[in-house]
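Throw the hints in and build the complete structure from the sequences for me.
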Amino acid sequence: MTAKKSKKTAALAPPLTEQELASKLREALQGRGRKRAELVAFVGKAEGERALQLARELAAHGELHHVSKGTTEWFFGADPRATLDRVVPELLREQGPLTAKELLQPVERAAPGHSWLLPEWQPNAIARGLVFELSLPGAAKKPKKKVLSADPGTPPVSDDELIARVRAALQGTGLKSTDLLKLLGKEDGARALELMRGLAAAGNLQRVVKGTAEWFFAADPRATLDRVVPEVLRSRGPLTPKALQEALERAAPGHAWLLPDWQPNAIARGLLFELSLAGPPKKKLLSAEPDLKRSLGKPLAELKKVLPALERQGISRDRIFEFLRAELAGQIARRPSREVFLEALRRFAADNPKGALLPVRELRARAGLAKQDFDSTALDLSNEGLLVLHHHDHASALSEVEQNGLVRDALGRHYVGIALRGSA
Amino acid sequence: MSELAAIGNPFRNNVVLDAWQSPADIAEIHGSAFSACLAGIDSAASGAGDSLLIYGAAGSGKTHLLTRLQRHLAKTAREAPDQVLRCVFVFVRLQTAPQLLWQHVRRRLADDLMRRDQGLTQLQRLIAHQIGTQAGKSPRAAVFRLKVLEGEDKEALSRHVSELSQELRLPRDLSVVIEHLALNRSVRDAAGWLAGDSLPEAVSNALGLGADNIEDREEAARAVVTALCKLAGATLPIVFCFDQVEALQRSRDDEQAFFKFGRMAADLHDTDPNVFLVTCLQSAVLESFNKAVRDADQQRMAKRRVVLDPLSSEQVEKLLRARLESQAELAALRQKHANDPFYPLPRRFVKELAADRVGAVPRRLLAEAARKFEELSHGKAEEAPNDEEYLATELFLRQQTAKSELGPGDTPRVVIQGVQLMAKLGATPVSTATEPHTDLIFGSKRKLALSVRNEADGRVLGPKLKRMLQDSPRLDGARLVIVRDPRLTIAKTAVKTREHLAQLQAQGAKLVEPTLAALAALEALQSLFSDAKSGDLANDGAPLAEGTVLEWLRRLHAGGDISIEPIVELMDAISSEAEARRPEEQDLAELLAREHVIELEAARRELGHASELLLDIARKNAERFLVLEGPPVVLLDVAGTSAEMGE
Chain A
569 MTAKKSKKTA
579 ALAPPLTEQE
589 LASKLREALQ
599 GRGRKRAELV
609 AFVGKAEGER
619 ALQLARELAA
629 HGELHHVSKG
639 TTEWFFGADP
649 RATLDRVVPE
659 LLREQGPLTA
669 KELLQPVERA
679 APGHSWLLPE
689 WQPNAIARGL
699 VFELSLPGAA
709 KKPKKKVLSA
719 DPGTPPVSDD
729 ELIARVRAAL
739 QGTGLKSTDL
749 LKLLGKEDGA
759 RALELMRGLA
769 AAGNLQRVVK
779 GTAEWFFAAD
789 PRATLDRVVP
799 EVLRSRGPLT
809 PKALQEALER
819 AAPGHAWLLP
829 DWQPNAIARG
839 LLFELSLAGP
849 PKKKLLSAEP
859 DLKRSLGKPL
869 AELKKVLPAL
879 ERQGISRDRI
889 FEFLRAELAG
899 QIARRPSREV
909 FLEALRRFAA
919 DNPKGALLPV
929 RELRARAGLA
939 KQDFDSTALD
949 LSNEGLLVLH
959 HHDHASALSE
969 VEQNGLVRDA
979 LGRHYVGIAL
989 RGSA
Chain B
21 MSELAAIGNP
31 FRNNVVLDAW
41 QSPADIAEIH
51 GSAFSACLAG
61 IDSAASGAGD
71 SLLIYGAAGS
81 GKTHLLTRLQ
91 RHLAKTAREA
101 PDQVLRCVFV
111 FVRLQTAPQL
121 LWQHVRRRLA
131 DDLMRRDQGL
141 TQLQRLIAHQ
151 IGTQAGKSPR
161 AAVFRLKVLE
171 GEDKEALSRH
181 VSELSQELRL
191 PRDLSVVIEH
201 LALNRSVRDA
211 AGWLAGDSLP
221 EAVSNALGLG
231 ADNIEDREEA
241 ARAVVTALCK
251 LAGATLPIVF
261 CFDQVEALQR
271 SRDDEQAFFK
281 FGRMAADLHD
291 TDPNVFLVTC
301 LQSAVLESFN
311 KAVRDADQQR
321 MAKRRVVLDP
331 LSSEQVEKLL
341 RARLESQAEL
351 AALRQKHAND
361 PFYPLPRRFV
371 KELAADRVGA
381 VPRRLLAEAA
391 RKFEELSHGK
401 AEEAPNDEEY
411 LATELFLRQQ
421 TAKSELGPGD
431 TPRVVIQGVQ
441 LMAKLGATPV
451 STATEPHTDL
461 IFGSKRKLAL
471 SVRNEADGRV
481 LGPKLKRMLQ
491 DSPRLDGARL
501 VIVRDPRLTI
511 AKTAVKTREH
521 LAQLQAQGAK
531 LVEPTLAALA
541 ALEALQSLFS
551 DAKSGDLAND
561 GAPLAEGTVL
571 EWLRRLHAGG
581 DISIEPIVEL
591 MDAISSEAEA
601 RRPEEQDLAE
611 LLAREHVIEL
621 EAARRELGHA
631 SELLLDIARK
641 NAERFLVLEG
651 PPVVLLDVAG
661 TSAEMGE
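Quick mapping for you: the protein sequence lines, in order, are chains A and B.
Going by this note's numbering, the residue at position 5 of the first sequence is 573; the numbering climbs one at a time, nothing skipped.
Going by this note's numbering, the residue at position 574 of the second sequence is 594; the numbering climbs one at a time, nothing skipped.
Since the hints were derived computationally from the structure, they do not count as laboratory data.
There could be a bad hint or two in this list.
Said to hold, decoys possible - Below are the BS3-like pairs computed for lysine-lysine, each with C-alpha atoms no more than 30 angstroms apart in a straight line: (1) 750(A) / 778(A); (2) 939(A) / 311(B); (3) 810(A) / 754(A); (4) 311(B) / 922(A); (5) 744(A) / 280(B); (6) 873(A) / 861(A); (7) 778(A) / 311(B); (8) 714(A) / 754(A); (9) 850(A) / 872(A); (10) 613(A) / 592(A); (11) 637(A) / 516(B); (12) 512(B) / 922(A); (13) 444(B) / 311(B); (14) 778(A) / 810(A); (15) 873(A) / 922(A); (16) 157(B) / 250(B); (17) 400(B) / 356(B); (18) 516(B) / 486(B); (19) 744(A) / 157(B); (20) 467(B) / 516(B); (21) 939(A) / 922(A); (22) 323(B) / 778(A); (23) 778(A) / 465(B); (24) 603(A) / 516(B); (25) 810(A) / 750(A); (26) 744(A) / 714(A); (27) 323(B) / 922(A); (28) 516(B) / 592(A); (29) 872(A) / 852(A); (30) 467(B) / 640(B); (31) 486(B) / 592(A); (32) 356(B) / 592(A); (33) 603(A) / 512(B); (34) 640(B) / 922(A); (35) 467(B) / 637(A).
Shown next as structure tokens:
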């Protein structure tokens with residue numbers, strides 16, 4: 569009779585006020601997490617739906633926490649990730665390093681309803697330095713064992729150190745991503761790879777991707793080829809593309825694979841020249857200078873025709889050589905700075921998008937003229953209206969070296985940019 | 021006395037700061053650059069996104085060119101038979117911090133979309149255009165209907181916005197706001213949301229918006245800007261003009277600022293094929309810009325490039341004549357000297373100006389001509405103020421403007437930029453923070469983590485403070501400084517929020533509420549620096565370098581100058597040790613933010629605190645409360661009104 573009466577009383581009990589329901593929820597979630605069904609069971613089925621609704625609203629305002637995974641819904645009194653941030657390092661300090669599996673039970677005891685979040689929380693906690701993943705050497709023929717620890721063990725290599733190591737390895741060479749992994753090991757290598765990508769995205773490093781291969785360079789590899797290839801060809805003489813690739817791999821390791829892509833553009837820019845040797849078999853060579861025999865073929869033939877007549881007139885071969893040298897030397901010396909300047913400017917403009925303002929400093933390096941020659945030629949051409957110079961408003965704020973790279977006029981104005989007039 | 025003495029100098033006002041100004045214009049000057057702008061718009065209109073990078077020396081007329089483009093677009097729209105919008109025009113002067121770039125673009129985009137012409141905003145015209153196109157009616161008829169909306173039209177408009185939102189997958193809140201703005205409903209609040217302001221929960225509810233639980237405001241801004249581009253791009257090309265890109269740089273070697281700009285511009289370019297980007301860049305930063313911006317981004321943001329050449333001698337002459345002819349008071353005198361096209365300027369003077377091939381940039385020419393005109397009018401040219409006098413006057417004038425223009429929505433930008441500037445002045449290391457809810461980390465001995473929390477009310481602020489509490493104390497050991505606009509109070513009913521704040525303060529965090537005077541002074545200083553970096557700060561035609569302004573500011577700082585006193589006080593408040601604010605002070609601030617003026621006795625009754633305590637609080641916080649001693653004693657709120665009242 570008593571049992572029957574109490575059941576009836578319960579059925580007729582007035583519903584909880586919202587405040588009471590909220591307190592009940594807080595009580596249910598004090599220091600733990602509960603699944604939807606567990607929460608309903610705690611507050612009673614009659615209030616279950618209302619309680620869930622309220623729990624979701626409180627979670628939306630940050631009063632409770634709500635985590636969904638698939639169709640499962642969990643509720644917590646405090647941010648479960650923050651709870652793990654606190655609980656897990658404490659446990660690891662108490663119990664020493666544990667595997668992820670070994671950690672599950674103690675976590676569930678210390679913070680019920682939280683252990684299922686461990687796999688998701690762990691990588692982020694490692695990244696934040698809250699816990700550390702250590703590799704313990706395995707027994708014979710057994711794999712290494714990975715454990716989590718509150719203590720870093722051997723100090724990990726810092727990002728700065730990693731970057732310094734990779735930068736040192738990149739001195740004068742290119743590195744493939746796989747080389748990087750070999751060099752630094754899998755874990756540090758993977759971290760270094762991410763760091764390198766970040767540096768490359770910020771323009772502090774060069775990254776080249778071709779197919780699945782990813783390469784890193786300290787300096788622009790194409791600019792390196794611009795510099796190194798002509799040097800190699802000048803010292804070794806004309807080479808076949810294959811021989812050039814081998815020589816390049818010694819002079820600038822990690823750059824040779826870029827050669828086929830770089831070559832046509834370099835030929836167009838006059839950095840190297842293609843020579844055809846008569847066969848059989850016909851052969852193509854790359855050279856730092858054009859085929860003089862072919863270029864000077866006609867004048868040479870003419871010269872050969874007149875040589876016997878000159879010799880008959882008592883002019884020796886030595887006298888003819890001397891005469892030609894003097895003539896040609898004079899002609900080269902007289903080649904005006906203006907011509908050199910304009911040729912460099914036209915080439916530079918052609919390498920850039922139409923209408924671009926070109927940096928004076930770079931043009932100076934390309935033209936190879938003495939500073940005074942370069943500056944006076946630039947100013948003359950500007951006064952003639954052939955080109956436009958853009959002044960730097962606050963050149964006084966620049967260092968002396970920076971100022972020297974710019975063009976300076978008689979009034980002390982400095983010019984930073986240059987463009988052919990009407991290039992737009 | 022010269023007959024010119026009473027006539028205004030037609031060569032003054034030679035700095036154009038905004039694309040919506042209308043200075044006298046010579047179409048031939050920079051004609052090729054203008055043609056490139058039009059070609060870019062045509063290309064975007066045909067669905068091939070385009071971009072233009074304009075290089076020019078300081079004063080060469082980059083901003084002027086943008087005014088020409090804006091007026092051309094408005095004029096062609098007005099003169100076209102259907103009188104409708106041809107494209108959406110947005111002008112963005114980049115006077116902001118790089119970490120707030122998207123938020124800045126969002127605010128400018130929202131402001132420009134809300135610009136009214138003949139009673140309708142750009143946004144409304146855009147919607148009308150789309151309705152007309154979809155219904156097969158003339159856009160002009162659609163614009164007319166929008167002006168005289170009736171019941172059924174309103175329903176049709178709501179339906180259209182809803183369909184369009186679905187088609188373009190616009191976020192729900194944005195779609196709701198656009199509907200409000202198209203129908204002229206709750207315009208102030210909806211426009212505030214569009215610009216990125218945090219809204220009180222009650223206002224969000226009234227507008228039908230979700231709760232403001234945004235974690236990353238920069239990302240949220242990017243989402244809104246790209247969605248608006250899609251909305252506009254569905255019908256019309258949208259033109260973004262970026263000016264003063266150099267102002268983003270925190271120092272001369274700040275490559276990160278240009279890098280971020282390049283990323284943002286490339287993102288915008290990829291958003292919609294109807295976008296056309298125009299970027300104006302000073303020639304002096306040519307090398308650092310090329311170095312900092314990724315090639316891939318340059319290819320997207322600079323499909324076309326033009327260089328603003330110095331003026332030819334014919335152009336110099338035309339410019340001077342145009343200015344002379346624009347001065348109505350000069351007309352009679354010039355009539356008397358009809359055979360002298362440059363009267364009153366001597367021919368020889370004009371010839372010499374025109375002969376300078378390299379220095380012939382419009383601003384310099386106009387400054388020279390202004391001096392000459394002065395000399396002819398008064399016997400000698402008025403002596404230009406020295407740089408210090410000029411800067412002090414500019415600072416004062418800009419402070420006055422800022423006081424009336426700055427809203428709470430501007431506070432994050434002003435504080436973040438301002439603190440970076442003051443850190444630079446003191447050579448204090450400063451870095452941008454990567455974790456949420458922190459804006460800057462700075463300080464040399466003890467690090468400070470600055471968090472500008474401008475959420476509109478306690479309901480929105482509460483969850484953010486709770487997260488900060490969970491991360492407190494910080495792993496890097498930095499002391500937390502929360503900065504909040506004084507006009508945004510925390511209601512007495514926001515119990516949890518106040519609790520979180522008190523807990524943070526108990527753990528050493530500090531709450532700083534900058535005075536309006538400090539915000540205005542920071543904004544004025546910041547705009548001086550931005551103009552200097554962009555070559556747009558000129559004393560009598562001579563550009564002032566950033567270094568000159570910095571040196572001047574150092575002297576002001578060392579000499580304890582009164583004009584920057586509010587800033588010094590603010591920086592002291594930020595860096596001094598925490599001093600928890602009494603809850604009674606928050607109560608009084610919140611009450612006065614609502615009532616503005618209240619008798620002390622009424623405040624006592626309302627809050628239930630002793631009169632002596634309230635009076636003590638009000639007297640000690642003169643920057644936010646004003647006490648009229650009476651009797652009866654009356655308290656006034658001066659935090660959000662005028663700084664002068666507080667002084």
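Hints, verified against the model:
1. 750(A) / 778(A): Holds: residue 750(A) and residue 778(A) sit about 20 angstroms apart, inside 30 angstroms.
2. 939(A) / 311(B): Satisfied, since the Cα-Cα distance of roughly 24 angstroms is no more than 30 angstroms.
3. 810(A) / 754(A): Violated - the C-alpha atoms of residue 754(A) and residue 810(A) are around 34 angstroms apart, more than 30 angstroms.
4. 311(B) / 922(A): 18 angstroms, holds
5. 744(A) / 280(B): With a Cα-Cα distance of about 28 angstroms, the restraint between residue 744(A) and residue 280(B) holds, given a limit of 30 angstroms.
6. 873(A) / 861(A): With Cα atoms ~16 angstroms apart, residue 873(A) and residue 861(A) stay inside 30 angstroms; holds.
7. 778(A) / 311(B): Judged against 30 angstroms, a Cα distance of about 23 angstroms means the pair holds.
8. 714(A) / 754(A): 14 angstroms, holds
9. 850(A) / 872(A): 28 angstroms, holds
10. 613(A) / 592(A): 13 angstroms, holds
11. 637(A) / 516(B): The given pair, whose Cα atoms are some 28 angstroms apart, holds under the 30 angstroms limit.
12. 512(B) / 922(A): The given pair, whose Cα atoms are some 63 angstroms apart, is violated under the 30 angstroms limit.
13. 444(B) / 311(B): 23 angstroms, holds
14. 778(A) / 810(A): 20 angstroms, holds
15. 873(A) / 922(A): 48 angstroms, violated
16. 157(B) / 250(B): Between residue 157(B) and residue 250(B) the Cα gap is close to 22 angstroms, so the pair holds against 30 angstroms.
17. 400(B) / 356(B): 24 angstroms, holds
18. 516(B) / 486(B): 9 angstroms, holds
19. 744(A) / 157(B): 61 angstroms, violated
20. 467(B) / 516(B): Given pair residue 467(B), residue 516(B) holds - Cα atoms ~28 angstroms apart, limit 30 angstroms.
21. 939(A) / 922(A): Holds, at about 27 angstroms.
22. 323(B) / 778(A): Cα-Cα ~25 angstroms, so holds.
23. 778(A) / 465(B): It is violated: about 47 angstroms lies between the C-alpha atoms, which goes past 30 angstroms.
24. 603(A) / 516(B): 26 angstroms, holds
25. 810(A) / 750(A): 28 angstroms, holds
26. 744(A) / 714(A): 28 angstroms, holds
27. 323(B) / 922(A): Given that 30 angstroms is the threshold and the Cα spacing comes to 9 angstroms, the pair holds.
28. 516(B) / 592(A): 18 angstroms, holds
29. 872(A) / 852(A): 28 angstroms, holds
30. 467(B) / 640(B): 28 angstroms, holds
31. 486(B) / 592(A): 22 angstroms, holds
32. 356(B) / 592(A): Violated - the C-alpha atoms of residue 592(A) and residue 356(B) are around 95 angstroms apart, more than 30 angstroms.
33. 603(A) / 512(B): Violated: residue 603(A) and residue 512(B) sit about 35 angstroms apart, past 30 angstroms.
34. 640(B) / 922(A): Between residue 640(B) and residue 922(A) the Cα gap is close to 65 angstroms, so the pair fails against 30 angstroms, i.e. violated.
35. 467(B) / 637(A): Given that 30 angstroms is the threshold and the Cα spacing comes to 39 angstroms, the pair is violated.
The structure is inconsistent with the numbered hints 3, 12, 15, 19, 23, 32, 33, 34, 35, although it conforms to all the rest.
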